[in-house]
Amino acid sequence: MPKAAVLLINFNATSLIPIIEKKLYQNFNLQMHQFIPNIDLTEIYSEVRDQYYSTKLLEYSLKYYNDYDKILSLTDFDLFVPVLTFVFGEAQLNGKAAVVSAHRLYPEFYGLPQNEELFLSRLIKEINHELGHTYGLRHCQNFECVMHSSSNVDEIDIKSENFCDRCKEKII
Amino acid sequence: MNNSDVKILIVDDEQIVRDSLTHWFEEDGYQVSSAADAFDVLYNLEPGKYDIMLVDIKMPKMSGLELLEKVKEIDPECIVIIITAYASVPSAVQALKNGAFDYVTKPIDPDELSHLIKNAIKQKSLKKENIAMKTSIDEMFSFEGLIGESPEMKKVFELIKIVAPQDTTVMIRGESGTGKELIARAIHMNSPRRYYPIIPVNCGAFTETLLESELFGHEKGAFTGAQYRRKGKIEMANGGTLFLDEVGSVSPKMQVELLRVLETKQFTRVGGNEIVKVDFRLISATNENLEKLVEEGKFREDLYYRLNVFTIYVPPLRERRSDIPILANYFVQKFARQMNKPPLKISDEAMEILLNHHWPGNVRELENAIERAMVVGKPPEIKPSDLPFLIEKNNITISDSLEAVEKNHIQKVLNKYEWNISKAAAALEIDRVTLYNKIKKYGLKKN
Ligand SMILES: [Zn+2]
Ligand SMILES: [Zn+2]
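Chains as they are written, first to last, in our numbering: chain S, 11 to 182; chain Y, 10 to 456.
Quick caveat, the hints were computed from the structure, so don't treat them as lab data. Treat the hints with caution; some may be incorrect.
Restricting the straight-line Cα-Cα distance to at most 25 Å, the calculated cross-link-like pairs of lysine-lysine (BS3-like) are [unchecked claim]:
id, chain 1, residue 1, chain 2, residue 2
1, S, K32, Y, K449
2, Y, K392, Y, K354
3, S, K180, Y, K350
4, S, K178, Y, K350
With the sequences and hints as input, model every part of the structure.
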């Protein structure tokens with residue numbers, strides 16, 4: 011079975027890890043190996059933006075965890091790429107590494123009451139989505155498919171956590 | 010226009026900007042290329058080479074404004090979007106005058122960029138659609154997930170075809186579980202608004218205050234804990250379709266608010282006073298008797314007439330029984346794919362039961378029944394005993410949940426093998442530890 015390294019980088023919702031493990035197995039047939047890497051954040055952090063540079067995070071994970079078939083980094087840090095104000099995550103299209111930020115998935119971020127169920131469903135959707143890119147999937151026009159692009163949290167809420175049939179075929 | 014047909018060019022002297030935008034657009038499936046300066050672009054530009062250009066306004070050799078002018082001379086149809094830093098907004102405004110489609114400021118809000126590109130493609134597509142020969146009407150319509158060959162459903166499809174291309178407000182009536190949302194989606198996907206999203210809101214799922222914030226959004230500081238501005242569903246539906254499900258459950262105060270936004274096409278976010286203009290198509294749905302609610306004074310008559318411009322009635326499943334076999338087999342295939350299992354055949358006896366059931370929960374109930382049958386059924390076929398409503402009748406406790414079905418099924422298998430755990434586990438195709446855990450979980454006992 012292919013192996014996935016899951017790197018927890020200042021990721022606090024650790025109680026959800028068993029569910030993530032199950033989903034990685036169900037959706038991608040991946041066996042999870044969990045790590046809390048000792049990572050030098052100065053390279054990744056931008057003081058001006060008070061955010062973390064997601065592409066650099068991907069590069070870091072690829073450098074140290076390259077023996078794994080897939081590398082998924084999870085973080086509560088807010089991520090950015092230089093030209094955009096923020097990103098929910100980033101992945102190598104047709105590659106190995108993906109990163110998901112939980113920062114903007116918490117309802118509290120939007121001033122709404124805590125809601126673990128909603129948060130979990132968003133997190134699983136983003137994990138499926140970014141990992142989907144590593145399997146070569148691009149954004150899907152199907153509004154319900156998890157590969158539908160979402161540039162705000164409501165668009166994440168609109169889609170389901172599942173891949174449509176056409177996208178699913180490409181993962182297997 | 011498919012994303013893979015759209016050709017985007019990024020012109021920016023900063024490699025990091027080119028790289029991250031290229032990556033971002035590639036995920037959307039566009040054809041993306043990039044250039045580091047204007048001369049590279051002009052060197053071999055010809056009409057139709059690119060659909061959309063994103064051009065940085067500040068480049069060392071030739072400015073974005075100059076490039077814009079030259080591009081427009083060679084290919085007037087090419088859509089140019091200017092990227093600017095905050096400091097150069099006045100020149101961006103100049104760019105608009107010179108024919109730029111729009112401008113964005115760096116760093117770009119991904120939401121804004123994605124809407125901008127969708128708008129640009131929409132404009133391009135409309136032009137192309139006018140030129141392209143019209144394909145036959147039937148080919149143009151797609152009804153994803155809407156299944157049925159009965160005369161009743163054919164009539165529904167006809168109505169969708171008639172109303173979809175118009176911008177009419179539509180109300181969908183029908184019992185719960187009949188697939189009203191699928192119909193709303195079919196209307197949207199076959200309308201000129203299909204390049205924008207359809208935003209569903211289940212009005213019955215919110216309290217009055219939450220529904221207000223859900224629909225209209227709120228400003229930062231609108232209430233305790235509102236640290237950020239949040240767009241409401243109405244704003245998100247801009248350009249597209251707003252689908253209000255269970256509209257009969259909207260409170261009197263919210264009915265007034267809704268009526269206002271439908272009439273003026275503008276609103277303010279909760280806690281704010283900026284007027285937001287919106288353009289959307291409204292589709293609503295209800296399973297309630299709205300006429301009665303109007304009579305009882307619980308639903309505003311003026312709002313009722315606003316919503317009820319074009320009505321589509323969706324028949325309950327029991328009134329179109331001839332669709333049951335097609336639907337049942339469609340769901341078998343669907344769950345077989347989802348569960349990575351071979352599809353089961355539906356035995357004649359089981360089909361007989363499906364055909365005669367009353368289906369108070371309509372298509373959704375049928376879908377759930379097939380899902381359960383695909384979990385408990387054994388190849389090669391689904392038998393009457395795999396269907397949930399039969400199990401219910403044989404038991405004192407009536408429960409619809411998957412767990413209840415599992416519990417029942419395990420008890421049955423255990424009894425069959427006289428509580429020989431190894432044999433029962435083998436028959437259930439689970440390991441013994443799992444079986445022990447389930448026995449403990451459900452408190453099963455030898456009787
Ligand atoms: Zn994506
Ligand atoms: Zn898809």
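Results for each hint:
no.: 1; hint: S:K32 / Y:K449; result: holds (22 Å)
no.: 2; hint: Y:K392 / Y:K354; result: holds (9 Å)
no.: 3; hint: S:K180 / Y:K350; result: holds (17 Å)
no.: 4; hint: S:K178 / Y:K350; result: holds (14 Å)
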